[in-house]
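Everything in the sequence shown is counted per my numbering, starting at 3 for the first residue and increasing by one.
Note that these hints are calculated values from the structure, not bench results. These figures come from a predicted structure and were not determined experimentally. You can take every hint at face value.
Each computed DMTMM-like pair below joins lysine to aspartate or glutamate, with the alpha-carbon atoms no more than 20 Å apart:
(1) 58 with 207
(2) 462 with 389
(3) 382 with 327
(4) 404 with 429
(5) 58 with 35
(6) 466 with 417
(7) 430 with 385
(8) 58 with 362
(9) 466 with 389
(10) 465 with 439
(11) 462 with 439
(12) 430 with 387
(13) 462 with 385
(14) 466 with 439
(15) 58 with 118
(16) 382 with 410
(17) 58 with 96
(18) 466 with 424
(19) 465 with 417
(20) 462 with 417
(21) 404 with 385
(22) 466 with 397
(23) 456 with 429
(24) 456 with 387
(25) 462 with 424
Pairwise CB distance ranges, derived in the manner of DEER restraints:
(26) 72 with 408: 50 to 60 Å
(27) 48 with 464: 45 to 55 Å
(28) 182 with 406: 50 to 60 Å
C-beta atoms are modelled at their ideal positions from N, C-alpha and C, and glycine is treated no differently.
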Amino acid sequence: MKKILLPFLFLLFTFLNGSAQSTWQAYEPALPEVVGTFHLRTSVLDPNVAWTICAKYTVTANAYSWQPLDSLVFTKTSDGGQTWQGGRIPMGVEPYGNSICPIDANTVWATGTDVDFANYLLQTTDGGQIWTRQLENGFTWPTSYVDFVHFFDAENGIVMGDPAASDTEPTPFFEVYTTSDGGQNWARVSSANIPAALPNEFGIDNLFDARGDTVWFGTVNTTTYAPLRIFRSQDRGLTWEAFDSPAHWPFSFADGQYGVGANTISSSQTDLRLTTDGGETWTPLPPLNIGYLTTIAMVPGSRYILAVLRTNNISGPFITMLSTDLGQTWTEIGDGTHHTGNAQFVSPTIGYAGEWQPADHPTRMYRWAGDPLSGLLSGKPLDAEVELFPNPASDFVLINVKTSQPADFLLLVNDAQGRLIERWVFEKTNSLNVMLDVHGWVPGVYSVTVSTVKGTAVSKIVKK
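Work out the full structure: start from the sequences and follow the hints.
Laid out in structure tokens, this is it:
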């Protein structure tokens with residue numbers, strides 16, 4: 003697309019393309035393997051701490067195949083994503099890790115299983131140097147399989163697994179343990195406090211979320227892999243209720259009420275559902291028909307939804323989409339270069355993600371750049387004068403933006419389906435003048451988004 007910038011603007015700003023002010027800031031940690039991040043979680047006590055558990059794959063053409071290792075690989079940051087380090091987690095023979103939960107920079111929990119189907123709950127208290135097996139008397143029944151671990155604070159935690167019998171109850175029920183003393187002692191939740199499992203109903207590795215004292219996990223029918231139910235506990239795992247859920251693989255909650263669930267139909271269609279009552283009921287949303295869903299996250303503090311999709315596993319483009327209206331419409335905001343997965347947001351300005359295993363470079367970790375996109379995520383209106391002339395337009399549109407204080411600006415132009423048409427980032431200025439050549443555009447309505455750290459203004463262009 004041809005862009006015409008008025009000559010005097012080059013005195014007012016620097017044009018940035020793929021700089022640190024893009025949607026994600028990438029880092030290449032020192033890892034013992036080139037791997038793909040499987041699960042990422044942020045500490046509930048310190049938003050500067052995030053850990054991932056990783057898996058190794060054989061990458062061929064456009065496909066991935068899981069490859070066993072002698073030990074798992076983890077990555078970690080304790081400075082808000084500025085630096086990342088890696089290490090190993092010993093977990094039996096040919097281990098398969100499925101979840102990780104950092105309490106702080108030193109104390110972390112991880113779950114997984116090995117080739118002999120032995121289940122592991124491990125803890126480190128020295129930042130990953132030494133890992134100790136915990137809860138060795140749990141997850142030992144023939145149908146046991148651990149799915150995730152989560153701690154609400156330093157003392158209160160939960161670990162969940164598939165339906166299994168107990169010493170007193172021969173009928174299998176979901177195997178859930180809770181602790182209130184930092185993991186020194188664990189007690190299994192009684193079958194009376196959790197709904198009975200349906201035929202062929204099981205959990206899925208790290209298919210869960212938690213906000214405050216509320217935790218959810220999803221189940222599927224193992225014969226069809228269709229979503230079945232969402233289980234919810236509002237008292238840190240002590241008692242549970244279950245609700246039918248037509249789409250939740252994966253799902254993400256912003257708080258105790260608002261959440262989004264996804265169901266991948268094909269490589270070009272992802273069905274979405276919205277809940278506003280904590281998972282009890284789900285409302286269909288317009289589907290995402292752009293690519294294969296890599297990750298979806300509802301952002302705490304704004305209830306905005308961020309999704310990353312891909313049209314090709316290896317080379318992309320990797321499409322970052324944002325919805326500011328609970329999934330009704332979407333805007334493409336990325337530059338197509340970031341293959342981010344397992345995105346986790348603590349707030350509108352603090353988020354992390356890990357890369358799927360790359361084919362041509364070391365594994366990258368990501369932190370949300372925030373500036374200038376925090377305004378876009380926060381939902382605050384931008385105090386700015388935005389003029390579009392002429393509008394409707396046939397050939398050219400002049401975009402004029404004025405603000406009282408200089409700022410870094412993000413300017414996006416998207417079509418009616420949210421697809422990115424133009425994207426600029428401008429450094430410290432309070433006046434923008436951009437001329438758009440629109441004569442080749444398909445007639446219709448296009449959106450112009452102007453964003454700074456203080457907020458966002460959205461206008462419409464009508465192409466005749």
